[in-house]
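*Asks:* Chains as they are written, first to last, in my numbering: chain D, 3 to 430; chain L, 3 to 430; chain Y, 3 to 430.
No lab work stands behind these hints: they were computed from the structure. Some clues are possibly wrong.
One copy or any two copies: either way a pair holds, since identical chains are not told apart in the list.
[What the hints assert, rightly or not] Simulated pairs of lysine to any residue, SDA-like, Cα-Cα distance not exceeding 25 angstroms:
id, residue 1, residue 2
1, K160, V271
2, K46, Y412
3, K46, R72
4, K65, T239
5, K89, F156
6, K160, S424
7, K270, P286
8, K89, P147
9, K422, V68
10, K69, D430
11, K422, N192
12, K46, A408
13, K87, G277
14, K270, E193
For clarity, every value in this text was computed on a predicted model and none was experimentally measured.
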Amino acid sequence: MQRRTFLSSFAGSMAALSALPAAHAAERVAVNTPSGKPSGMVAKEGHTPVVTLNGQSLDWTVKDGVKEFRLTAEPIEQEVAPGMKAKFWGYNGGSPGPTIEAVEGDKIRIFVTNKLPEHTTIHWHGLLLPNGMDGVGGLNQPQIPPGKTCVYEFTLSKSGTFMYHPHADEQVQMALGMMGLFIVHPRNPNERRVDRDYAFLLAAYDIEPDTMTAKTSTMTDFNLWTFNSRTFPAIQTLVARQGERVRIRVGNLTMTNHPIHLHGHTFKVSGTDGGWIPPAAQWPEVTTDIAVGQMRVIEFIADAPGDWAFHCHKSHHTMGPMGHSGPNMLGVDQKKLSHHLEQLLPGKHYMAMGSTGMAEMQNMASMNEMMPLPANTLPMMTGTGPYGPIEMGGMFTVLKVRPDLAHGDYQDPRWYKQPKGSQAWIMD
Amino acid sequence: MQRRTFLSSFAGSMAALSALPAAHAAERVAVNTPSGKPSGMVAKEGHTPVVTLNGQSLDWTVKDGVKEFRLTAEPIEQEVAPGMKAKFWGYNGGSPGPTIEAVEGDKIRIFVTNKLPEHTTIHWHGLLLPNGMDGVGGLNQPQIPPGKTCVYEFTLSKSGTFMYHPHADEQVQMALGMMGLFIVHPRNPNERRVDRDYAFLLAAYDIEPDTMTAKTSTMTDFNLWTFNSRTFPAIQTLVARQGERVRIRVGNLTMTNHPIHLHGHTFKVSGTDGGWIPPAAQWPEVTTDIAVGQMRVIEFIADAPGDWAFHCHKSHHTMGPMGHSGPNMLGVDQKKLSHHLEQLLPGKHYMAMGSTGMAEMQNMASMNEMMPLPANTLPMMTGTGPYGPIEMGGMFTVLKVRPDLAHGDYQDPRWYKQPKGSQAWIMD
Amino acid sequence: MQRRTFLSSFAGSMAALSALPAAHAAERVAVNTPSGKPSGMVAKEGHTPVVTLNGQSLDWTVKDGVKEFRLTAEPIEQEVAPGMKAKFWGYNGGSPGPTIEAVEGDKIRIFVTNKLPEHTTIHWHGLLLPNGMDGVGGLNQPQIPPGKTCVYEFTLSKSGTFMYHPHADEQVQMALGMMGLFIVHPRNPNERRVDRDYAFLLAAYDIEPDTMTAKTSTMTDFNLWTFNSRTFPAIQTLVARQGERVRIRVGNLTMTNHPIHLHGHTFKVSGTDGGWIPPAAQWPEVTTDIAVGQMRVIEFIADAPGDWAFHCHKSHHTMGPMGHSGPNMLGVDQKKLSHHLEQLLPGKHYMAMGSTGMAEMQNMASMNEMMPLPANTLPMMTGTGPYGPIEMGGMFTVLKVRPDLAHGDYQDPRWYKQPKGSQAWIMD
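Only chain D is shown next, with the shape it has when bound in the complex (with noise of 0.2 angstroms):
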């Protein structure tokens, strides 16, 4: 197949087209995101750590019986996907910055030193804490101006699942990035224990084709949908060996709720950012709605063996960054139209698209004859599994379930092989 130019938007935005040079084709080739990975300070201490997806916990350092954690605020460029890189503003060179991981009853200080354009300040989102430590600027606290470095000091008077985030020139800070999660472990480490512990925070952004950094001003009409600020398949595979109780947190800092549904078992909220939920209290879910600014835990045994999917169910949510609007091309015979639009762009091919459905684009990127994009931007669909292309991007990624992992062994174990008979089939 030759490859032909196509627009960026599911019916096609002209303004786009001729914003097409082939070269920029070769800049989507590696997956270089960080694997995320348990902290050992926390597991030294006897707690099953946090992974947090493509990230890690900050370490400490102790004085005087102080844990003390040291936060910049600083503008970073970091891949979201393969190929596609943003500006964000984060917190020691990610977004999200590294989660905080200490244990009921620490007294901490945390250093936090702005190296942002503007001022800032921290919030400590859940946490019981003195009022002048709250964060939020211009009522708690004088802001940090750019250039100095701020000291919150605080006990950590209660375990649970929380988050940090500015509350300072909040709409723009938080739509380029600065988040990050808190995660305090029960002082007694066999008190709710799990046998993994996976975290991750929900972002959206709007980066238009050929720029790399948010719209701050966008309401609802985002283009990228993240878990801790990457898109589907740069998001970290789940693992875990058959039988082991996981328990997965997710904080939401977007500006619209997302379901987030998980595939072949039945789970439980067992806590929020406000606390754990009594057992009797608990609901059996297979998606757990998770508000702005709120936190759930959800906690389950992977009993069920095989790759399991776990995402957003709002089907746009596990998309690249396609337009929302446009003329609707369905059941559309765009041969015309291809002629048309290669008269007047000489040298470039038109791909009539969607005219029976968007799969026929998403089995062309799987066969690796992939067409140039708009430098800078999501192919629609990414994700390529064992069968061909899994047509989801954005807030998706797969709980892998083996039979046989070590205790505490992370790798992606590649794709399930299903036991024969245990698959639909197609008949002849």
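Fit chains L and Y to the known structure of chain D by using the hints.
*Replies:* For chains L and Y alone, coordinates are given in the frame of chain D:
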């Protein structure tokens, strides 16, 4: 009153104006939507069968102890409301497809034939099954090519309220109506027994005036908000005898939350797509918010006789396809504008609208002095009750509770006759 | 600093620029919003009265053992924030209308007089009552024509948290502010007793700069996000004595979910518009997501002294009326653009904005060097605290907990004085 031309969106779309041939009024005559009936096959096994609003359950055949079901994915044409037809993709001739109704412990086999112009799969949402039967194209199985039949086979390990939908080119295929209910009754017919058991799915479409096919790239700005791909008054009435225990199962496959609100009764959410909620964990509600990819089962005693509104509480979701942009006419004297428009469009009369609110429009509609509408669109608000226009369309229907219905009688009992002295009255 | 003209939306609306006469700045002087006070009539019956933010409860008269209330639906004009007035439709001169506060078992009669230019009704959301009193125009009763009075009469069968709003031309009438709270106290004043009981409704409006009337066709892109039709800092402060049990009742009549977030405290959701939630079924939360047409009652012990932010967690909902589209200025050097614009608009100065974030704007505002805004609009972020601009507006207010408040004292105690050593500090 003479017939007058009006504009299809609240404030008026000039573009639409030229597309208003008076002849189209005649198209909006008959409501010809099917009324859902209970399945005889499930009743024969002793269960209270589900009534799918405007739909049916799928008959099965038994082969070697396995219940065999047959689904055909195919393009269809369906009446969404009186006078408005849409081209959907559905199953077995309808959208949603037929409800699969079976019993806990059943071994089932489902033959899925693909008559779409592109490949597809089916995911059995909420069901616990072997990984290879989970239906995520590319991840769990190869796609089903057009013209082929795929066989799924599994055992129903638990009772509950589930769905089926494609996990292939999802954004397109669900946006076109591909979805269905999957109800599993408890093995023991007396477990969790109710007297009436209704079910439907929430679907939203974006079909522009004068077109019949939904735009699949729309992310938020839909104009058709439906129960089972119909809008009120084409949505079937729910009926119950006073004192009966009623269950309503609702699943959401749109792109936003729908807060489903029942009048006259307090209900409890007794189940989700993850299972049954223990009574001690249930909350009393009059509105349950159903997130995307979630199902909610509500139960209540129908103890209050009367005609009770039952609808999504987002006010735009109980409206017909009005535009959501355009200037604000409230308080504007449109006489001069009318004159101006009539100059531009000789032979047409422009109806000034919205200057005192929208109720004036609804009254005209109620008097059957219907105005010509753009071809294949909906009146703005369509339901008419015993006291004039109900001024609601879209995701709206009525629960009719009567003291004297026979068990198993699902016929619409017409309007409630208010007992003397029990109705609000207007003073002279 | 000299006064400079700036653009009303983040990235600048050229159209708005010409509409910025400096004289309008003077309009934004006084905050003249009423402060809600507890009802003496309910207090006299032994109940902890509700404090409606910026509102009041409706007095009643008794006739033959029936409490009689009077509501007038009418167009009103109301200050939404300092310097910004809106034309709403409300009840008894305000939006929301007065809170109806009564007691379980009460027989009540409500006279609803329609002074709107179109018909209306009132639906008593969540209350259990005879079908003819339910207020759905066309279904349960004829509409109330302009100029007429309708009489509703029923007995309050249970205590709880309810609302009233029209069920007639709903999309228009609710979009213009027609709503009110309806609180029913338990018959026994010691049942579920709290020390402070606050209540408000969430409402959203779309009022374009230089206009005063909300667009009623807007479905998602609102620009005024309010508590009781006011934006911060026009929203009343919530106060509590340290150790008191506080209840806050919130209902949502917008078009989207609002995750209401409280700082410094963990709360439980103790009730809905369907009733009271048994303690064993309650979840600990710091953010409760309130769906449209839902009410949530939260309760907590105000045990942490200080000034605690209390707000919707969607970052755009704590902002003033900024545009949500337009180009992205972040990182753009606007010096040349300013020069160019000033050429086009002699006598005006264009303020380059947003190139380092938005905080620069807020500081200017805080120094009272206010820039001229488009007539009848809001500063982008308006609240100012003890340490400078809070950078939040819209759905935002402050809970002030003090050790030394008198019972029943609802006066704003000014800003919290942080105890030495308890506040984040900026290093030299």
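*Asks:* Hint by hint, which ones does the structure fall short of?
*Replies:* 4, 5, 11 and 13
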